[in-house]
Structure formats: C-alpha cells, structure tokens
Amino acid sequence: MNGVKKGVGGTLKYASLVLGAVLAMLPLVLIITGSFKTDQEFLSTGPFKAPASWTNFSNYATAFTEGGMLRAFGNTIIIFTVAIIGTIFIGAAAAYALDRFTFFGRKAVLGLFLLATLVPAVTTQVATFQIIKALGLYNTQGALILLFTGTDIVSIYIFVQFMRSIPRSLDEAAKMDGAGHVRIFLRIIVPNLKPAIATVVIIKGIAIYNEFYMPFLYLTDPEKRPISTTLFAFKGPYGSQWEVISAGIVITIIPILLLFLFLQKYIYNGFTSGATK
Amino acid sequence: MSNVTGVVPTPAKNAGDVRSRAARILKPGGTRGGRRRSLTPYLFLVIPVGLLVLLTYVPVANMFFYSITDWDGLDKTKNVIGFDNYVSVFTEPDNLRVFVVSLYYFAGSFVQMALALYFATLLSFKVRFKNLWKGFLFFPYLINGVAIGLIFLNFVKPGGGLDSTLMALGLDSLVKQWTGDPDVINYTLAGVSVWRYMGLNFVMFLGAIQSVPRDIYEAADLDGATRWHQFRHIILPSIRPIVGLSFILAISGSLSVFEIPYIMTGGANGSETFVIRTVRMAFVNNKVGLASAMAVVLLIIVLLVTWLQRRLVPDEEVDIV
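Protein chains in written order, with my numbering: chain R, 32 to 308; chain G, 136 to 456.
None of these hints come from the bench; they were simulated from the model. Keep in mind that this is a model prediction, so the values were computed, not measured. Among the clues, some could well be false.
For lysine to any residue, the following SDA-like pairs were computed, each having C-alpha atoms within a straight-line distance of at most 25 Å [to be verified]: (1) G/Lys261 to R/Ala46; (2) R/Lys255 to G/Ala196; (3) R/Lys206 to G/Thr175; (4) G/Lys261 to R/Thr148; (5) G/Lys311 to R/Met56; (6) R/Lys44 to G/Leu174; (7) R/Lys266 to G/Gly405; (8) R/Lys138 to G/Tyr192; (9) G/Lys261 to R/Lys266; (10) R/Lys44 to G/Arg349; (11) R/Lys80 to G/Lys292; (12) R/Lys164 to G/Gly405; (13) R/Lys44 to G/Thr175; (14) R/Lys255 to G/Arg415; (15) R/Lys225 to R/Ile215; (16) R/Lys164 to G/Arg349; (17) R/Lys44 to G/Arg375; (18) R/Lys164 to G/Lys311; (19) G/Lys265 to R/Phe291; (20) R/Lys80 to G/Ala196; (21) R/Lys266 to G/Ser391; (22) G/Lys292 to R/Gln272; (23) R/Lys255 to G/Phe393; (24) R/Lys44 to G/Phe271; (25) G/Lys292 to R/Ser75.
Estimated spans, in silico, between C-beta atoms of each pair [unchecked claim]: (26) R/Asn300 to G/Val262: 14 to 24 Å; (27) R/Ser200 to G/Val246: 47 to 57 Å; (28) G/Ala355 to R/Leu149: 37 to 47 Å; (29) R/Gly142 to G/Asp318: 41 to 51 Å; (30) R/Arg195 to G/Asp318: 25 to 35 Å; (31) R/Ala229 to G/Tyr253: 49 to 59 Å.
Each residue gets a CB set at the ideal place from its N, CA and C atoms; glycine is no exception.
Here chain R stands alone, though its shape is the one from the complex:
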C-alpha cells in the first residue's frame, strides 16, 4: 500500500515539476523560435510553429548593427568595469577602517550605513536627479558609475563580514616589517578579500547588467546607453517587427545564461545570503 501511495505521489511530484518548468520556460522558448522567423513568417504562422529555417540569423544581424546592441554591450562593459573597481575599493576601504581601527565616530558611521540600507533607491531619485544634474553628470556614463559605486551598501557589508575572517596577525606581521596602512591595505587586505570580491562581482555584475531604472533616468543618449535601455528602445522603431525584438531579447539573455550555467553555485549562494542584506 505504501508503494502505491508513493507511486501516485511520485507521478504528481514530477507532473507538477514539469508543469512548473514549462510555465517558467514557455514564454522564453517562444521568443527563441520567433527570433529565427522571417518578417512574413512571424505574422502568418502561429507562435508554436517552428521557424522555416533554424539558421536564419538575419534578425540577429539587424539587432546587433541597426539596433546598436554591439555598442550597448561596449557601454555596459565600460560602466560595469569602472563601477565594479570603484565598488571593490570603496567597500574594502570602508571595511578596513571599520574592522581594524577604533576611532571616534565609528559607531555613527556604522549607523549611517545601516540606516541607508532602509532607504529604497526608487524613492530618492526625484532628489538625486538634481544632484547628478548639479554635478554636470546628467546624460553621461559617469552618472551611472557614480550611482552604482556610491550607493552600494550591501557590498560594504559583504566586505565587513568577510574582513573579520582575515587574521589580524597578517596585518601585524606586515606592520613589523615596516609596512604602512596603505601598503597593508593593498598588499594584505585586498588580496585576502578575493572570495568576497568574487561574490560582489557576480551579484553586482548581474544587477548592473539588468538595471533599467537608473540608465532610463540618467542616460538617454543612444550612443552611450547600456544594454537594457537599448533593448527598451527596440519598442519604438521595431514595434511591429517582433522577430527583431525577439533576437534582441535572446542576445540580451545569452550572457546571463552562460554566467548562470558556469557559476550556478556561486549565484545561488550569493543571492540567498545577500537577500536579507
């Protein structure tokens, strides 16, 4: 009897998993098949009809060249690279000061960082916009770099947490050898933070790549904008050409898919530990 029960339970279990996976993947699969269809084909055939040719890459070519996706990737890489280097140094410097020194105002600084995690970025942009404009950064990549670098408190916490596991004896040995604080920071602290840096790079990399709100508000120049707002702009000129939009979507997703396939474990860990801040 137990066996029968398990059999039914097993079938139900796998049936619901298959249903869940199909619901999660179906909208995406239809985009992939659509991206290989020709203009005429997309309009005349149903969404479940396979494309006539699986090697019709003309929509991809259009998305890359006319849609400006190649340039958008370049822009995203520039913004990501500068912002991530800034984030690492700012996070590590803050963590170094907060974990390795006692000084007047330390609790106040910790409190400022803690309180800032409660302020959601969507609420403050009305006023942040005026500051970016006053700094002369509106419509530059500098605006995004500054905002990604200067408002990432979660990264600072990841560094502070990790800093505690780096033995103080390492700092002290270096100090004995006559190293100054800057040297200790660059030669001892930063290299030993590598695992934390890896987590920050992955989690922040995905966040920057997917960010829409900030570039939408601060960077409207088609020459300078990153991937998400470039894809958003497809809605205009290609509004009726769903096969080109589909190719643009697939191009946007591929880098994240590759990252996910190769770094699954780190991604799951990063999101589950970072989720509660």
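Keeping the supplied structure of chain R fixed, place chain G upon it in accordance with the hints.
Just chain G, lined up with the frame of chain R:
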C-alpha cells in the same frame, strides 16, 4: 540565512555568542593595535562616507524640503506651500488609484510565495534531476527586466502564446485582452511579476529548509512520520522566519513596482503604479514638489514596514550588521 532563529527561544549559549559577535564588530582592534589615535581610518572612510552622504542622505533631506514646496524642478525659487502636496497625495482620485493598483501586486506576492513554498518543499525531498528543476524555476529571476517585459508582451498579445495555449486546451472562453482590457491588465502584470520573482523566493525557502540537518528527517522517517507531518513539524517551523520576512517585504515591494508595468504598458489602461506616477510627476509633468511628497510617503511606509518586520521577526543577522 542559517542564522535565522525565529520564534524558537534562543538558548543562553547562543545569546552569548551573538553578544560577543556583536561586541567584536562594535569594538574592534582587539586588545592591541589601532588604539593609537590617528587619521588613518578617517582617510580610508572619506570617500565611502562622502558618497553615502552625497547620494543618499542629501537627497533624502532635499526630498523632504521639496515636498513642502511647489517647485517644478527648474525654477530658481521654491515657494513653501506647507502640506498641500501631501493632502493631494491622499485625496486626489488619480493619486489614490495607484494605491489600489498595488493591491494586485500584493495579492500576487501571496501566490508567488505559495508556489515558492510548494516547489521548495518538493525539491527538499529526494528528486531526480534536482538541479535541472531548480535551474528552470530560478532562471527567470536573472533575466533583464526589459527582456521580461518584452517576452510577455509577445506572449500575451492577441493570438500570442498564451491565447494559442488556451485554445489548444479547449479553454477558448478564457482568452482575454490581456493588456487591452482595464479590468484584466493588472492581473496580467501582477502575473508577470510572480513569474519573475517566484524563483528568488523559491531558492531562499529551499536554502532555509536545507539548513535543517538531514538526520532530523531520517529520524522522522524512522518514527514513521508522513511527508505531511515532516512538512508541518520540520519544514514549516524552519522557514517561518523567512516566510514572515517575505510577507512583510511584500507590502513595500508592491508599492515599489515599476519596471514590468512601465516596460509593458507605460502605465496605460489603469495600470499606473505608485512609482510610475512619481516618475511621471517629477520628470514629465514637472511637479517635483508633489513627486517628492509621494516619494516621502513611500519612504515612510517602507521604514514603518521595516520597523514592523524587526519587531515581529527577530533576526540576529540584523543586529549584527
């Protein structure tokens, strides 16, 4: 996540642990080193704290000031008009409607958590191809929001994938104008949000369930506990804190919705959300004063919710960081 203790009273030993951990962060430097007064820590903190103040605290302070003015974002002078903007946020029908829209997303978050809980429970037991299922269910969360919006515009358009699927199943009567009908549109958009965020909830719940040592399940098996008993007495208590946290966060989350409805509809057909309206007031209608008041209201709600969360869901992690 493994540190969440929730409602189980913390044993004295653990409490001591936490205190000493907290003390270590609050009073670093151990017994030696760093006691010498120097400028060094301040030099390391100049840039991080400077950016924090410039990009978080100054905007918050300015926002409070803008909210009591009639500023249009350009004018040199800002006339203080008191609380008129706040009155308008809570009395003008167009401003009130966005609160109603957020209820759809709030309801959606319950569906999302129920699904996440179901799949997390399922995958916490022995299942074939576990990683594959986990990957399928989680991957949507990693997809670019713009891509998601466009994927679903394609999926729900008349004659698109959703309609075709329903017709193939003989459910023609369920076919709707998914984004064209004001009575349907918010269900559609909330559904897309569920699709997008379910994976994150699922992975967080799964992580919490798996933090329970395996031998507890084995012991339960030996005692003849059914799967339902295991769910009721082992799984549910282990994830209660994170479920509670998710429920509470859903309140501020459903008011902060922006990307999906903005990308898919631009806020048309009665799908305007609180943040879409705030952005429109500030950057299109040049009503920075009113937009700031809306942003302040949202900020206060988020702060209240967070305060409530910390009262209801004791979380050591929060005290420590």
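Okay, the hints, checked on the actual structure:
For the suggested pair G/Lys261 and R/Ala46, the alpha carbons sit about 15 Å apart, so the restraint of at most 25 Å is met. With a C-alpha separation of about 31 Å, the suggested pair R/Lys255 and G/Ala196 falls outside the 25 Å cut-off, and the hint is violated. Taking the CA atoms of R/Lys206 and G/Thr175, the gap is about 14 Å. The hint holds against a cut of 25 Å. A threshold of 25 Å between alpha carbons decides the hint, and for G/Lys261 with R/Thr148 the separation of about 38 Å lies outside it, so the pair is violated.
Among the hinted pairs, G/Lys311 with R/Met56 is consistent with the structure: their alpha-carbon atoms are about 22 Å apart, no more than 25 Å. Annotation: proposed proximity of R/Lys44 to G/Leu174 is violated, straight-line Cα distance about 62 Å (limit 25 Å). Under the criterion of a C-alpha separation no larger than 25 Å, the hint pairing R/Lys266 with G/Gly405 is consistent with the structure, at around 20 Å. In summary, the hint linking R/Lys138 to G/Tyr192 is supported, as the alpha carbons are separated by about 17 Å, within the 25 Å threshold.
For the hint linking G/Lys261 to R/Lys266, the alpha-carbon distance of about 44 Å lies beyond 25 Å, and the restraint is violated. Simply put, R/Lys44 and G/Arg349 have alpha-carbon atoms about 21 Å apart, close enough for the 25 Å limit, and the pair holds. With a C-alpha separation of about 16 Å, the suggested pairing of R/Lys80 with G/Lys292 holds against the 25 Å cut-off. Straight-line distance between C-alpha atoms of R/Lys164 and G/Gly405 comes to about 32 Å, which puts the hinted pair past the 25 Å bound.
Of the pairs offered as hints, the one joining R/Lys44 and G/Thr175 is violated, with about 59 Å between alpha carbons and a cut-off of 25 Å exceeded. A distance of roughly 23 Å separates the Cα atoms of R/Lys255 and G/Arg415; the hinted pair therefore holds under the 25 Å criterion. The straight-line distance between the Cα atoms of R/Lys225 and R/Ile215 is roughly 15 Å, inside the 25 Å bound, and the hint therefore holds. A hinted pair counts as satisfied when its Cα atoms are at most 25 Å apart, and R/Lys164 with G/Arg349 does not qualify at roughly 56 Å.
This hinted pair checks out: R/Lys44 and G/Arg375 have alpha carbons roughly 23 Å apart, not beyond 25 Å. A distance of roughly 44 Å separates the Cα atoms of R/Lys164 and G/Lys311; the hinted pair therefore is violated under the 25 Å criterion. For the suggested pair G/Lys265 and R/Phe291, the alpha carbons sit about 16 Å apart, so the restraint of at most 25 Å is met. For the proposed pair R/Lys80 and G/Ala196, the alpha carbon gap of about 56 Å is over 25 Å, so the pair is violated.
For the hint pairing R/Lys266 with G/Ser391, the CA-to-CA distance comes to about 24 Å; that is within 25 Å, so the pair holds. The suggested pairing of G/Lys292 with R/Gln272 holds, with an alpha-carbon distance near 13 Å, which does not exceed 25 Å. A distance of roughly 23 Å separates the Cα atoms of R/Lys255 and G/Phe393; the hinted pair therefore holds under the 25 Å criterion. Our distance criterion of 25 Å between C-alpha atoms is met by R/Lys44 and G/Phe271, whose separation comes to about 16 Å.
Between G/Lys292 and R/Ser75, the direct Cα distance comes to roughly 15 Å. Compliance with the 25 Å bound is thereby established for this hinted pair. At about 20 Å, the beta-carbon gap between R/Asn300 and G/Val262 stays in the expected band of 14 to 24 Å. A hinted range of 47 to 57 Å holds for the C-beta pair R/Ser200 and G/Val246, which are about 53 Å apart. Between G/Ala355 and R/Leu149 the C-beta distance comes to about 39 Å, which sits within the given range of 37 to 47 Å.
Between R/Gly142 and G/Asp318 the C-beta distance comes to about 48 Å, which sits within the given range of 41 to 51 Å. Taking 25 to 35 Å as the suggested C-beta distance range, the pair R/Arg195 and G/Asp318 does not conform, at roughly 54 Å. In this structure the supplied range 49 to 59 Å is violated for R/Ala229 paired with G/Tyr253, their Cβ-Cβ distance being about 33 Å.
Taken one by one, the earlier hints fail for this structure at numbers 2, 4, 6, 9, 12, 13, 16, 18, 20, 30 and 31, listed in ascending order.
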